[in-house]
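In order, the protein sequences belong to chains A and B. Using this note's numbering, the letters of the first sequence correspond one by one to residues 1 to 179. Using this note's numbering, the letters of the second sequence correspond one by one to residues 1 to 179.
No lab work stands behind these hints: they were computed from the structure. Ideal Cβ positions, reconstructed from N, Cα and C, are used throughout, including at glycine. Incorrect hints may appear among the rest.
To be verified - Examples of chain A residues toward chain B, derived with CB under 7 Å:
1) His-53
2) Ala-85
3) Ala-88
4) His-93
5) Arg-95
6) Gly-96
Each chain, written out:
There are 2 protein chains.
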Amino acid sequence: MQQEIPLNFVVIILGVDPGSRVTGYGVVRTDGGRHECLTYGCIRRARVQDLPHSLRNIYDTLNSVLAEYRPDVIAVESLFHAANAKSALVLGHARGIILLCAATHDIPLHEYSPLEIKKAVVGYGRAEKAQLQQMAKLLLGLKQIPEPHDAADALAIAVCHAHCQEFQNRISRGKIPYR
Amino acid sequence: MQQEIPLNFVVIILGVDPGSRVTGYGVVRTDGGRHECLTYGCIRRARVQDLPHSLRNIYDTLNSVLAEYRPDVIAVESLFHAANAKSALVLGHARGIILLCAATHDIPLHEYSPLEIKKAVVGYGRAEKAQLQQMAKLLLGLKQIPEPHDAADALAIAVCHAHCQEFQNRISRGKIPYR
Numbered sequence: 001m002q003q004e005i006p007l008n009f010v011v012i013i014l015g016v017d018p019g020s021r022v023t024g025y026g027v028v029r030t031d032g033g034r035h036e037c038l039t040y041g042c043i044r045r046a047r048v049q050d051l052p053h054s055l056r057n058i059y060d061t062l063n064s065v066l067a068e069y070r071p072d073v074i075a076v077e078s079l080f081h082a083a084n085a086k087s088a089l090v091l092g093h094a095r096g097i098i099l100l101c102a103a104t105h106d107i108p109l110h111e112y113s114p115l116e117i118k119k120a121v122v123g124y125g126r127a128e129k130a131q132l133q134q135m136a137k138l139l140l141g142l143k144q145i146p147e148p149h150d151a152a153d154a155l156a157i158a159v160c161h162a163h164c165q166e167f168q169n170r171i172s173r174g175k176i177p178y179r
Numbered sequence: 001m002q003q004e005i006p007l008n009f010v011v012i013i014l015g016v017d018p019g020s021r022v023t024g025y026g027v028v029r030t031d032g033g034r035h036e037c038l039t040y041g042c043i044r045r046a047r048v049q050d051l052p053h054s055l056r057n058i059y060d061t062l063n064s065v066l067a068e069y070r071p072d073v074i075a076v077e078s079l080f081h082a083a084n085a086k087s088a089l090v091l092g093h094a095r096g097i098i099l100l101c102a103a104t105h106d107i108p109l110h111e112y113s114p115l116e117i118k119k120a121v122v123g124y125g126r127a128e129k130a131q132l133q134q135m136a137k138l139l140l141g142l143k144q145i146p147e148p149h150d151a152a153d154a155l156a157i158a159v160c161h162a163h164c165q166e167f168q169n170r171i172s173r174g175k176i177p178y179r
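The following block holds chain A by itself, in its conformation from the complex (with noise of 0.2 Å):
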């Protein structure tokens, strides 16, 4: 188990990567340096469930999260552009419901993407997901791998958020020369 971070330096991160089949989440404590896995899941799609439905347990499920671990801020990757337009827009009711919960419960949202988290985490963009698996193991001190693969990314999203803060914090406090 990991060295439990002092209260007064810690950011509560919850990253979630969203799907149309599956959303992964993951609450991340970090102080910068050291980060602690709080919690992690996915939400699936069951297949008999319309998407209304299942749009209101991803809904229900992350205001459950939200309201026990009360993340200071969300992560999440920004717009995908590979995908084609329909699987697009499957893939935006899933997004759209988890930016209307950063709005409701006011919490700042940023946007990752997929190569800056691969980059963040793994050190290389173009990393597999099982790299992006292990290296979420062994950065947050986990026992086992995350699984499923949708959770992994969603704690990758929130160590990536981690690293891209404590950068920007040591730019501000002048440790790292800004050109």
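Mind docking chain B on chain A? Use the hints.
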């Protein structure tokens, strides 16, 4: 003013036309043959407003309309195939909120393609926006053309559902032989 429709036969339909900048809505009361417009309007995204808060605006406004008019059914445009992936994704966000509202209030949702809507309202699948506005005015006995066209589109979606539903009812009552 149109003659009031007796309450025991009426269906109240909320039509919604989601858009990336403007979402139109319209509430229509119908007995199958006669339609009455209860309200219509649009929800605009302010230029300075971020996407999460504009989605919350859609969610709050639709919830108010649902609470005030208690529609029996929500009708919405079906997946829009012509858009590119990015505009489809943004459109999907707004559409996700409408579907969430339907699930939250446990109201059945029906979807119609732009072609079906135009055919049902104007009688021609490639009708112009102005024709749709004109027909919405005529069919609903409005004193003026519903503006903006997003609200007229929403009313047209509601009227389209009224027509399709009435057709289904006649089939089930055996007035139109179903081949």
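Now for the hints, and whether the structure bears them out:
no.: 1; hint: His-53; verdict: holds, 5 Å
no.: 2; hint: Ala-85; verdict: holds, 4 Å
no.: 3; hint: Ala-88; verdict: holds, 4 Å
no.: 4; hint: His-93; verdict: holds, 3 Å
no.: 5; hint: Arg-95; verdict: holds, 6 Å
no.: 6; hint: Gly-96; verdict: holds, 3 Å
Comparing the model with each earlier hint shows no violations; every hint is respected.
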